[in-house]
Amino acid sequence: MEVFKETLKKDEQVSSKLRSVYEQFGYKKYKMGGFEEYSLYLENRDFLPSDQIIAFPNAQGKMMALKPDVTLSIIKNTKARRGQTDKLYYMENVFRHSKDSHEYQEISQMGLELIGDVGTYETWEILELALESLAAIESEFILDISHMGFVTGLLDNMSIDRSVREELLACIRSRNLHDLRAICKREEISRENCEKLEAMVMTDGDAYQMLKKAEELVENESMSSALEELKKLMEIASIHPFSNHIHIDFSIVNQIDYYNGIVFQGFTKHLPQNVLFGGRYDHLLEKFEKDAGGIGFALYLNDLNRVYPVKQEYDVDILLLYDEAADFKTLSKTVCEMVNAGYRVRTERSIPEDCRFQKLVNYREESEAEHA
Amino acid sequence: MLDIALPKGRLGDQVYELFSRAGYDCRSIYEDSRKLVFQNEEKQIRYFLVKPSDVDIYVEHGAADVGVVGKDVLLESDSDVYELLDLGLGRCKMAVAARDDYQEDRDRVLRVATKFTKTAKSYYESVNREIEIIKLHGSIELAPLLRLSDVIVDIVETGRTLEENHLKVIQEIMPVSARLIANKSSYRFKHQAVNQMQIKLKEELDGDITL
Numbered sequence: 001m002e003v004f005k006e007t008l009k010k011d012e013q014v015s016s017k018l019r020s021v022y023e024q025f026g027y028k029k030y031k032m033g034g035f036e037e038y039s040l041y042l043e044n045r046d047f048l049p050s051d052q053i054i055a056f057p058n059a060q061g062k063m064m065a066l067k068p069d070v071t072l073s074i075i076k077n078t079k080a081r082r083g084q085t086d087k088l089y090y091m092e093n094v095f096r097h098s099k100d101s102h103e104y105q106e107i108s109q110m111g112l113e114l115i116g117d118v119g120t121y122e123t124w125e126i127l128e129l130a131l132e133s134l135a136a137i138e139s140e141f142i143l144d145i146s147h148m149g150f151v152t153g154l155l156d157n158m159s160i161d162r163s164v165r166e167e168l169l170a171c172i173r174s175r176n177l178h179d180l181r182a183i184c185k186r187e188e189i190s191r192e193n194c195e196k197l198e199a200m201v202m203t204d205g206d207a208y209q210m211l212k213k214a215e216e217l218v219e220n221e222s223m224s225s226a227l228e229e230l231k232k233l234m235e236i237a238s239i240h241p242f243s244n245h246i247h248i249d250f251s252i253v254n255q256i257d258y259y260n261g262i263v264f265q266g267f268t269k270h271l272p273q274n275v276l277f278g279g280r281y282d283h284l285l286e287k288f289e290k291d292a293g294g295i296g297f298a299l300y301l302n303d304l305n306r307v308y309p310v311k312q313e314y315d316v317d318i319l320l321l322y323d324e325a326a327d328f329k330t331l332s333k334t335v336c337e338m339v340n341a342g343y344r345v346r347t348e349r350s351i352p353e354d355c356r357f358q359k360l361v362n363y364r365e366e367s368e369a370e371h372a
Numbered sequence: 001m002l003d004i005a006l007p008k009g010r011l012g013d014q015v016y017e018l019f020s021r022a023g024y025d026c027r028s029i030y031e032d033s034r035k036l037v038f039q040n041e042e043k044q045i046r047y048f049l050v051k052p053s054d055v056d057i058y059v060e061h062g063a064a065d066v067g068v069v070g071k072d073v074l075l076e077s078d079s080d081v082y083e084l085l086d087l088g089l090g091r092c093k094m095a096v097a098a099r100d101d102y103q104e105d106r107d108r109v110l111r112v113a114t115k116f117t118k119t120a121k122s123y124y125e126s127v128n129r130e131i132e133i134i135k136l137h138g139s140i141e142l143a144p145l146l147r148l149s150d151v152i153v154d155i156v157e158t159g160r161t162l163e164e165n166h167l168k169v170i171q172e173i174m175p176v177s178a179r180l181i182a183n184k185s186s187y188r189f190k191h192q193a194v195n196q197m198q199i200k201l202k203e204e205l206d207g208d209i210t211l
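So the protein sequences, as listed, match chains W and F. Be aware that the first sequence starts at 1, since it is given in our numbering, and climbs by one per residue. Be aware that the second sequence starts at 1, since it is given in our numbering, and climbs by one per residue.
Keep in mind that the hints were calculated from the coordinates and are not lab data. Incorrect hints may appear among the rest.
Using 20 Å as the maximum straight-line C-alpha spacing, the simulated EDC-like pairs for lysine to aspartate or glutamate come out as follows [what the hints assert, rightly or not]:
#: 1; chain 1: F; residue 1: Lys121; chain 2: W; residue 2: Asp51
#: 2; chain 1: W; residue 1: Lys269; chain 2: F; residue 2: Asp78
#: 3; chain 1: F; residue 1: Lys118; chain 2: W; residue 2: Asp46
#: 4; chain 1: F; residue 1: Lys118; chain 2: W; residue 2: Glu140
#: 5; chain 1: F; residue 1: Lys121; chain 2: W; residue 2: Glu166
#: 6; chain 1: W; residue 1: Lys99; chain 2: F; residue 2: Asp80
#: 7; chain 1: F; residue 1: Lys202; chain 2: W; residue 2: Asp179
#: 8; chain 1: F; residue 1: Lys202; chain 2: W; residue 2: Glu198
#: 9; chain 1: F; residue 1: Lys118; chain 2: W; residue 2: Asp100
#: 10; chain 1: F; residue 1: Lys190; chain 2: W; residue 2: Asp206
#: 11; chain 1: F; residue 1: Lys190; chain 2: W; residue 2: Asp204
#: 12; chain 1: F; residue 1: Lys190; chain 2: W; residue 2: Glu140
#: 13; chain 1: F; residue 1: Lys115; chain 2: W; residue 2: Asp100
#: 14; chain 1: F; residue 1: Lys93; chain 2: W; residue 2: Asp179
#: 15; chain 1: W; residue 1: Lys99; chain 2: F; residue 2: Asp78
#: 16; chain 1: F; residue 1: Lys121; chain 2: W; residue 2: Glu167
#: 17; chain 1: F; residue 1: Lys118; chain 2: W; residue 2: Asp206
#: 18; chain 1: W; residue 1: Lys99; chain 2: F; residue 2: Asp54
Starting from the given sequences, assemble the full structure and let the hints guide the process.
This is the structure we're talking about:
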């Protein structure tokens, strides 16, 4: 069935466009049930943005949850391993706790996962699809990429315990240099290391320029191989029309226990927060004892309709009025002809209050009265 | 156009003075005390005056590009924003206070009255002390006097209010001051304007120190 593109809301436009993009790249749709065992989320609590989950016992008394996430279910169920890659995409509603309303919120999410062999080309494919996904929303967008190995590599160079590391990471994520300096002073981290941390946070902007700047920060093997990987990716990106939309930003750091390698976030000009979030999560697969690499991203579609309202002048093209005296055979035939000609037609006995129409066709006196 | 959310009140006045010295003045701000929005076309800036504890909400949701908010508010709200600069204004400390004659009984759960429930919880978690929180919205100093709580966790500026109520600081938790925050999307798409503001404010602050 042909759908009128102009009647689609922004989130519907984006998801229908992206469905075809993802399928053209050979990704298969993954459909998930509404509920998942609660223990799955309990065991991987830190992977989720909030640990508040809607849980309830099912008919057998087993604790179930309304899904707060799709990635964990895909990883649990995938048969992918090294040598056999799974490429999946999904469109699902997830339930998460909102800190603003203190209530649960239904969030419409779209995303894709590549699990199995993850090398440079596979990583690029995911970045390419992330770029396409952002472009489907708005022409002004930025994909910020970072590398976990680069950030943690610099922290590994300092002998600090886990709690200090977390404090420093929080400062890095919020670009908070003043508190970062205070922590370095308190923990007696050398001035040189502190300055490197500051310089790393300040490394954000055009990818090719930042790659050069990042070279001066390299301290060890972990950082140099991370930088090598970024360079290889930007080398492939150089022939892509969206390559100037890619920025490097080392303030982007995902959960250390789950993510390794490339991590990224996508922003569009009119959405106040990142609309796309993703990265390489081999550590998560290790927790599920799967011998595979994994990378993917999620898009949050909830705010799209508020930020990009689709203005519609008319609800239907033709409003067709009839009464009992009308010849129903001719009426039915006329409606079919109009529909086949591509018009949106609504038949009514009288003009409805809430209907905006472009043209009025009156069948009540078997005569056509047209309004412009 | 850069939208700036400022906290209403005394801190807001100090912050505006600083912004004005750094080249972000807006004359109309003195004209009408009931107005909430002030604009300077030439400088391409617009100020909003909002409740201090709402500043980060405006910025997080992108209604304002940047804002100035106390660290105490940021710690409570956990907003997803960038914290770009410590403006050093409104300096005070988050502290635990109790009656002058208070002696802690480590054998039972501590009752803590506060407006800053999150800060209090994370502080006592860090020292491994079990507590019971009583959330209050104002006149926190009354709680220990009326034996509603053992201690309070609150902002202490000069300590005079505590003194007058026969209370004393028993533990300092952290220093607090006003911070320049930015929306994550504005930081990217209005990068030059935000960055310029950060640099100018920093220069103005560094100048203050050398004087």
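Okay, the hints, checked on the actual structure:
1. In summary, the hint linking Lys121(F) to Asp51(W) is supported, as the alpha carbons are separated by about 17 Å, within the 20 Å threshold.
2. Between the alpha carbons of Lys269(W) and Asp78(F) the distance comes to roughly 23 Å, so the proposed pair goes past 20 Å and is violated.
3. The straight-line distance between the Cα atoms of Lys118(F) and Asp46(W) is roughly 19 Å, inside the 20 Å bound, and the hint therefore holds.
4. Proximity of Lys118(F) to Glu140(W) is assessed by CA-CA distance (about 37 Å); at most 20 Å being required, the pair is judged violated.
5. Our distance criterion of 20 Å between C-alpha atoms is met by Lys121(F) and Glu166(W), whose separation comes to about 18 Å.
6. For a cut-off of 20 Å, the pair hint linking Lys99(W) to Asp80(F) stands: about 11 Å separates their Cα positions.
7. Pair hint Lys202(F) plus Asp179(W) holds up; C-alpha atoms about 15 Å apart against a cutoff of 20 Å.
8. Taking the CA atoms of Lys202(F) and Glu198(W), the gap is near 16 Å; set against the 20 Å cutoff, the hint holds.
9. A hinted pair counts as satisfied when its Cα atoms are at most 20 Å apart, and Lys118(F) with Asp100(W) qualifies at roughly 15 Å.
10. Under the criterion of a C-alpha separation no larger than 20 Å, the hint pairing Lys190(F) with Asp206(W) is consistent with the structure, at around 15 Å.
11. For the suggested pair Lys190(F) and Asp204(W), the alpha carbons sit about 14 Å apart, so the restraint of at most 20 Å is met.
12. Distance restraint check for Lys190(F) and Glu140(W): the Cα-Cα separation of roughly 12 Å lies within the 20 Å cut-off, and the hinted pair is therefore satisfied.
13. Using a Cα cut-off of 20 Å, the hinted pair Lys115(F) and Asp100(W) holds, with the two alpha carbons roughly 18 Å apart.
14. At roughly 15 Å between alpha-carbon atoms, Lys93(F) and Asp179(W) fall within 20 Å of each other, so this suggested pair holds.
15. Simply put, Lys99(W) and Asp78(F) have alpha-carbon atoms about 9 Å apart, close enough for the 20 Å limit, and the pair holds.
16. At most 20 Å may separate the alpha-carbon atoms for a hinted pair to count; Lys121(F) and Glu167(W) meet this at roughly 17 Å.
17. Annotation: proposed proximity of Lys118(F) to Asp206(W) is violated, straight-line Cα distance about 38 Å (limit 20 Å).
18. Between Lys99(W) and Asp54(F) the alpha-carbon distance is near 14 Å, which keeps this suggested pair within the 20 Å criterion.
Consistency with the previously given hints fails for numbers 2, 4 and 17, ordered from lowest to highest.
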